[in-house]
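A.B. asks: Here are the chains, one letter per residue:
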Amino acid sequence: DQQVKQNSPSLSVQEGRISILNCDYTNSMFDYFLWYKKYPAEGPTFLISISSIKDKNEDGRFTVFLNKSAKHLSLHIVPSQPGDSAVYFCAASAENTGNQFYFGTGTSLTVIP
Amino acid sequence: EPEVTQTPSHQVTQMGQEVILRCVPISNHLYFYWYRQILGQKVEFLVSFYNNEISEKSEIFDDQFSVERPDGSNFTLKIRSTKLEDSAMYFCASSDLRGTEAFFGQGTRLTVV
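Quick mapping for you: the protein sequence lines, in order, are chains U and S.
Going by the numbering used here, 73 is the number at position 73 of the first sequence; the sequence numbering is gapless.
Going by the numbering used here, 38 is the number at position 38 of the second sequence; the sequence numbering is gapless.
A couple of the hints might just be wrong.
Stated by the list, open to error - Straight-line distance between alpha carbons at most 25 angstroms, and here's what the computed DSS-like set of lysine-lysine pairs gives:
no.: 1; chain 1: S; residue 1: K83; chain 2: S; residue 2: K57
no.: 2; chain 1: S; residue 1: K57; chain 2: U; residue 2: K5
no.: 3; chain 1: S; residue 1: K57; chain 2: S; residue 2: K78
no.: 4; chain 1: S; residue 1: K42; chain 2: U; residue 2: K5
no.: 5; chain 1: S; residue 1: K42; chain 2: U; residue 2: K68
no.: 6; chain 1: S; residue 1: K83; chain 2: U; residue 2: K37
In short, the hints are calculated from the structure, not lab data.
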């Protein structure tokens, strides 16, 4: 049961342009969403989060947008840099799932210099 | 910067053997987790631990798995009788508050032969 979905397994973007990574979810009880970045042979690194009471959260070059009615969130990276090349996972949790985070399958971002 | 540390980084074991994966969470964190990622697949929740007991566990976390916090710093995952399909990256994570971002360790690559 895939409650969090990332339908694009990969994305290539030119350096300096915007990267948009998408994530959809099915559980309307999810109220906290996170993006993690993962390099090969390393653990996921927390990037940015958003709670369901907001529709946007910005941190430097990273902005997460949440559309609750569409059950969709996206991560915007602008400007994209070669060091951003990694696998990006979205994750979600809900009050009734306690501490359990549900992860998407990841999107591999390649930023081309 | 505080970090979650995991040992060993790579463990090779024979099918049927017991393995113990070790983790040192961030010191002031109260919630501890184990996740795993089979090669090419999504990050999957195994178990969360709070106040010296399991708070949630997934279907993956069957009787072959156990967790323990033997002292004030370590958090271990034991697999009693490993199977080939247990081969994966195992990630330990911790968080300070319920439902907030979890910080992940570098992972232990478990290979069952």
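A.B. asks: Of the hints given before, which are not true for this structure?
C.D. replies: Per hint list: single violation, 6.
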